[in-house]
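Q: Next come the chains, spelled out residue by residue.
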Amino acid sequence: MNKIYLIALLLLCPLFLHAQQPIEMADTMRSEGKIYVVVAILLVILIGLIGYLIMLDRKITRIEKKLSEKTD
Amino acid sequence: MKTWLKILAVALLIYTVIAGFLFYVPRLNIVNETIRALYFHVPMWFGMVVLFLLSTIHSIRYLKNPSFERDTYAVEYANTGLVLGLLGIFTGMIWANYTWGSPWHGDPKQNGAAIALLVYLAYFVLRGSVENEDQRARLSAVYNIFAFAAMIPLIFVIPRMTSSMHPGSGGNPGFNMYDLDSNMRLVFYPAVAGWILLGVWIASLRIRTRLLNEKLLNLENE
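Protein chains in written order, with my numbering: chain A, 1 to 72; chain B, 1 to 222.
Extracted from the complex, chain A is given alone in its bound form (with noise of 0.2 Å):
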């Protein structure tokens, strides 16, 4: 009986080694703290874009109160 124990166990291992493989992420990255700088960049890349939205928004809003008055 215990014999077949000691083989099952012995098939598994390759599974447990598997498992026991660390699964690579950007940890170093993050332990040195560079990942603030994508996150920084990714921002002012957004808000920069937002912003011009925004203006973009404003500009149309200009031009239709001016239409309005136009036909008023």
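Source of the hints: derived by calculation from the structure; they are not laboratory data.
The beta-carbon is built from N, C-alpha and C at its ideal position, and this holds for glycine as well.
None of the hints are false.
Residues on chain B that point at chain A, a partial pick, calculated with CB under 7 Å:
hint: 1; residue: Val17
hint: 2; residue: Ile18
hint: 3; residue: Leu212
For lysine-lysine, the following DSBU-like pairs were computed, each having C-alpha atoms within a straight-line distance of at most 35 Å:
hint: 4; chain 1: A; residue 1: Lys34; chain 2: B; residue 2: Lys6
hint: 5; chain 1: B; residue 1: Lys64; chain 2: B; residue 2: Lys215
hint: 6; chain 1: B; residue 1: Lys2; chain 2: B; residue 2: Lys64
hint: 7; chain 1: A; residue 1: Lys70; chain 2: A; residue 2: Lys59
hint: 8; chain 1: B; residue 1: Lys6; chain 2: B; residue 2: Lys64
hint: 9; chain 1: B; residue 1: Lys215; chain 2: A; residue 2: Lys65
hint: 10; chain 1: A; residue 1: Lys65; chain 2: B; residue 2: Lys6
hint: 11; chain 1: B; residue 1: Lys215; chain 2: B; residue 2: Lys2
hint: 12; chain 1: B; residue 1: Lys64; chain 2: A; residue 2: Lys65
hint: 13; chain 1: A; residue 1: Lys70; chain 2: B; residue 2: Lys64
hint: 14; chain 1: B; residue 1: Lys6; chain 2: A; residue 2: Lys59
hint: 15; chain 1: A; residue 1: Lys70; chain 2: B; residue 2: Lys6
hint: 16; chain 1: A; residue 1: Lys65; chain 2: B; residue 2: Lys2
hint: 17; chain 1: B; residue 1: Lys6; chain 2: B; residue 2: Lys215
Place chain B on chain A using the hints.
A: What follows is chain B alone, placed relative to chain A:
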């Protein structure tokens, strides 16, 4: 579009960028850190579907009661939706290159999405090929409803009937792609809402510009 919705869109998107890169994600093989692309790639498709739905609703309303406004809404929602769809397909290709091995894998969902985009491109081809304005609006409204009806099975049904490498496809069609874990949902849902709102915002600006242009033309003709 209401101002508070625009503010909400901005807040959600800023949150997405911060939380999307800094919050915890599960450690998975193959995708590794690229799992964070989910917060940006998938919302493109959600945004596209919502904008196409809005477009279809306005096409139906147009057929019930034709007006220039309704045609404009239909056209500009479809236009912005197409842009989001193209961004979705390009981001998907980049992601597929690193996780599946090549940019175009013939994955059923990928193919379905590409066909859906082509169906919508044909909508604009149709519009461009009809001279008469009323005819153009009516024909394209009918076609637009067909396009939406074709997109749903292409993206949501067929990929689930075969095996697809997209999560949530093949087998259980439930929301198992959001097995995510609650940590990812915390970022994913706000991201989807934020990108949808941004899409609607951009579409609303295009709609207003087109209406302005029409008003101006009417003034000149008087």
